[in-house]
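Q: Each chain, written out:
There are 2 protein chains.
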Amino acid sequence: MSQQTRYNRRFVLASRPHGEPVAENFRLETVEIPQPAVGQLLLRTLYLSLDPYMRGRMSDAPSYAAPVQIGQVMVGGTVSRVVSSQHPDFKTGDWVLGYEGWQEYALSDGQGLRNLGTKLNHPSRLLGVLGMPGFTAYMGLLDIGQPQAGETVVVAAASGAVGSVVGQIAKLKGCRVVGVAGGEEKCRYVVNELGFDACIDHRAPQFAAQLAAACPQGIDVYFENVGGVVFDAVIPLLNTKARIPVCGVIAQYNATELPAGPDRLPLLQSLILRKRIKMQGFIIFDDYAPRFGEFLQQMEEWVSQGKIKFREDIVDGLENAPQAFFGLLQGKNFGKLVIRVGNE
Amino acid sequence: MSQQTRYNRRFVLASRPHGEPVAENFRLETVEIPQPAVGQLLLRTLYLSLDPYMRGRMSDAPSYAAPVQIGQVMVGGTVSRVVSSQHPDFKTGDWVLGYEGWQEYALSDGQGLRNLGTKLNHPSRLLGVLGMPGFTAYMGLLDIGQPQAGETVVVAAASGAVGSVVGQIAKLKGCRVVGVAGGEEKCRYVVNELGFDACIDHRAPQFAAQLAAACPQGIDVYFENVGGVVFDAVIPLLNTKARIPVCGVIAQYNATELPAGPDRLPLLQSLILRKRIKMQGFIIFDDYAPRFGEFLQQMEEWVSQGKIKFREDIVDGLENAPQAFFGLLQGKNFGKLVIRVGNE
Numbered sequence: 001m002s003q004q005t006r007y008n009r010r011f012v013l014a015s016r017p018h019g020e021p022v023a024e025n026f027r028l029e030t031v032e033i034p035q036p037a038v039g040q041l042l043l044r045t046l047y048l049s050l051d052p053y054m055r056g057r058m059s060d061a062p063s064y065a066a067p068v069q070i071g072q073v074m075v076g077g078t079v080s081r082v083v084s085s086q087h088p089d090f091k092t093g094d095w096v097l098g099y100e101g102w103q104e105y106a107l108s109d110g111q112g113l114r115n116l117g118t119k120l121n122h123p124s125r126l127l128g129v130l131g132m133p134g135f136t137a138y139m140g141l142l143d144i145g146q147p148q149a150g151e152t153v154v155v156a157a158a159s160g161a162v163g164s165v166v167g168q169i170a171k172l173k174g175c176r177v178v179g180v181a182g183g184e185e186k187c188r189y190v191v192n193e194l195g196f197d198a199c200i201d202h203r204a205p206q207f208a209a210q211l212a213a214a215c216p217q218g219i220d221v222y223f224e225n226v227g228g229v230v231f232d233a234v235i236p237l238l239n240t241k242a243r244i245p246v247c248g249v250i251a252q253y254n255a256t257e258l259p260a261g262p263d264r265l266p267l268l269q270s271l272i273l274r275k276r277i278k279m280q281g282f283i284i285f286d287d288y289a290p291r292f293g294e295f296l297q298q299m300e301e302w303v304s305q306g307k308i309k310f311r312e313d314i315v316d317g318l319e320n321a322p323q324a325f326f327g328l329l330q331g332k333n334f335g336k337l338v339i340r341v342g343n344e
Numbered sequence: 001m002s003q004q005t006r007y008n009r010r011f012v013l014a015s016r017p018h019g020e021p022v023a024e025n026f027r028l029e030t031v032e033i034p035q036p037a038v039g040q041l042l043l044r045t046l047y048l049s050l051d052p053y054m055r056g057r058m059s060d061a062p063s064y065a066a067p068v069q070i071g072q073v074m075v076g077g078t079v080s081r082v083v084s085s086q087h088p089d090f091k092t093g094d095w096v097l098g099y100e101g102w103q104e105y106a107l108s109d110g111q112g113l114r115n116l117g118t119k120l121n122h123p124s125r126l127l128g129v130l131g132m133p134g135f136t137a138y139m140g141l142l143d144i145g146q147p148q149a150g151e152t153v154v155v156a157a158a159s160g161a162v163g164s165v166v167g168q169i170a171k172l173k174g175c176r177v178v179g180v181a182g183g184e185e186k187c188r189y190v191v192n193e194l195g196f197d198a199c200i201d202h203r204a205p206q207f208a209a210q211l212a213a214a215c216p217q218g219i220d221v222y223f224e225n226v227g228g229v230v231f232d233a234v235i236p237l238l239n240t241k242a243r244i245p246v247c248g249v250i251a252q253y254n255a256t257e258l259p260a261g262p263d264r265l266p267l268l269q270s271l272i273l274r275k276r277i278k279m280q281g282f283i284i285f286d287d288y289a290p291r292f293g294e295f296l297q298q299m300e301e302w303v304s305q306g307k308i309k310f311r312e313d314i315v316d317g318l319e320n321a322p323q324a325f326f327g328l329l330q331g332k333n334f335g336k337l338v339i340r341v342g343n344e
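From first to last, the protein sequence lines stand for chains A and B.
First residue of the first sequence? That's 1 in UniProt numbering, and the numbers climb one at a time after it.
First residue of the second sequence? That's 1 in UniProt numbering, and the numbers climb one at a time after it.
Don't read these hints as lab results, they were simulated from the structure.
Be careful, since some hints might not be right.
Copies of the same chain are indistinguishable here, so a pair counts whether it falls within one copy or spans any two.
[What the hints assert, rightly or not] Here are the simulated lysine-lysine pairs, PhoX-like style, with alpha carbons at most 25 Å apart:
1) K309 - K171
2) K275 - K307
3) K91 - K171
4) K307 - K171
5) K91 - K173
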């Protein structure tokens with residue numbers, strides 16, 4: 001190992017955000033690279049996935065996963081290579097899918113790692129269309145949403161890593177698919193490149209009316225990964241027996257208090273009753289881990305056949321992770337956001 | 001037919017309620033009894049079921065069923081006997097389960113009727129434990145709630161026609177069952193007679209704290225037929241992967257406007273996501289009609305074995321239906337509310 005690579009740079013959580021996260025919530029540390037003991041291996045991060053759920057981990061409000069502790073390395077999915085190994089299942093040069101977080105090097109005991117072998121053509125895809133976001137789209141839409149041919153499926157964040165895959169699978173299943181995205185450029189991409197039937201810009205002043213016009217038969221499946229004004233516009237369009245897989249509520253992650261009244265909780269409850277709606281939250285690996293293999297096989301086939309298209313937004317350098325993450329929460333990225341931490 | 005029975009008394013909807021229904025919303029009419037033509041039969045109502053959903057039918061807000069029109073007979077489930085028949089499937093004296101509404105006589109073409117034969121031991125049960133309310137409890141709990149032995153099930157309106165059956169089935173399935181009811185007498189009945197593990201009075205000032213204390217392992221299934229303050233107290237106790245069959249929101253039926261803020265709709269959405277909750281509305285005969293036979297067989301067995309107990313609140317005379325109905329919406333009845341319209 002040369003002098004230049006003897007140190008590991010990593011972002012730790014310096015403080016908890018109040019509302020939108022800011023640069024001061026992160027601290028870039030430089031520490032010595034540890035050496036693997038027997039049963040351990042050392043990983044060098046090539047790609048780090050940035051995803052909206054990370055906002056939740058920065059808070060200590062009760063959630064589905066433990067929060068990152070102050071001073072701990074920020075969590076995140078990674079594609080890495082083995083630098084050195086004293087673990088029987090890994091050897092130097094192996095590609096590894098893991099959860100090593102916002103850092104250049106990581107020591108591991110092999111737990112939770114997936115060995116991808118020595119050859120890997122498109123490593124970053126394992127963080128996007130062939131990884132957690134694609135898997136989330138696949139199971140949430142097919143298992144909870146259960147779209148039937150001819151039904152109308154609405155997908156928020158339609159140009160994003162999850163939404164883009166949701167809509168394309170729904171098209172493969174014969175549905176009418178309407179996307180919601182932020183800005184004209186994203187909407188054009190969603191219709192022209194991804195093949196959705198329509199895409200509505202949620203920033204447009206007539207957004208709710210435009211969404212209604214794009215869904216003349218109402219909405220049978222609403223794949224929720226946004227919340228906020230998009231859900232507000234969806235509510236009156238929901239059909240009897242509509243299904244709502246709840247995968248995320250990015251519009252609400254930075255909220256410091258509830259919106260002003262009236263309290264619409266009883267309204268939602270009455271709606272669920274009157275229209276016999278199913279609304280179900282899910283956390284992809286907690287709920288569906290055993291079906292990852294099935295997903296990967298099907299999605300690799302669709303991708304290779306050109307039936308599922310995707311876009312990556314790759315940012316170079318770990319030091320740019322915080323700014324890229326802030327942009328993600330504001331909808332500024334275009335495609336799956338990945339940090340290229342190290343060069344292949 | 002004697003002079004006394006030549007007229008049919010019936011309640012029609014005179015006007016739509018604003019908030020709580022009042023006597024003026026109903027009009028008692030006396031009209032001639034019609035004669036059945038070929039293919040028709042004349043029914044005499046013995047028992048009329050009064051149920052909370054009827055409040056919804058009085059309004060013309062969008063709902064899962066068409067509203068009763070002004071001047072139309074109020075709808076409702078009935079057990080009747082055939083007075084005269086020109087229909088091949090029915091003969092004079094047959095007992096019939098139907099949906100003939102708030103009236104003493106009804107003409108029918110046989111559609112939607114269930115012929116119960118000439119002998120029927122406990123006709124009013126077909127409107128309660130062996131009818132729509134029991135069926136609602138059975139399918140909502142077992143199909144949507146899917147209770148597992150050892151889990152905690154909370155049931156609102158626990159002494160009512162639906163809630164009492166939900167809790168007893170959950171006990172048969174090995175669950176810890178906590179009821180919520182209005183008043184000490186109902187709570188005593190729920191624990192001592194029905195065998196729930198606990199029952200909390202929702203009128204008690206420390207209701208939320210008492211409910212929490214009664215659910216030390218949290219809540220896995222909440223059978224929702226109330227809404228309002230009961231649901232508010234349930235929310236913080238819901239476990240990961242909790243299931244909420246939504247069968248009714250009686251606390252909200254008379255509301256004329258939404259409660260004051262803050263708007264907790266985003267809160268509920270976040271909760272569904274974080275805890276991976278399934279919340280699902282259902283309308284019993286629309287969703288489960290083909291399984292009525294399975295239900296009836298199982299429930300008759302449980303009732304005959306004394307495993308499911310029930311209580312009826314029988315009020316004599318059609319003319320008392322409006323007052324009894326107002327009491328039902330205020331939780332004044334104790335047991336399944338049935339009007340004895342005619343004598344056997």
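Q: Which of the stated hints cannot be reconciled with the structure, identified by number in ascending sequence?
A: 2, 3 and 5
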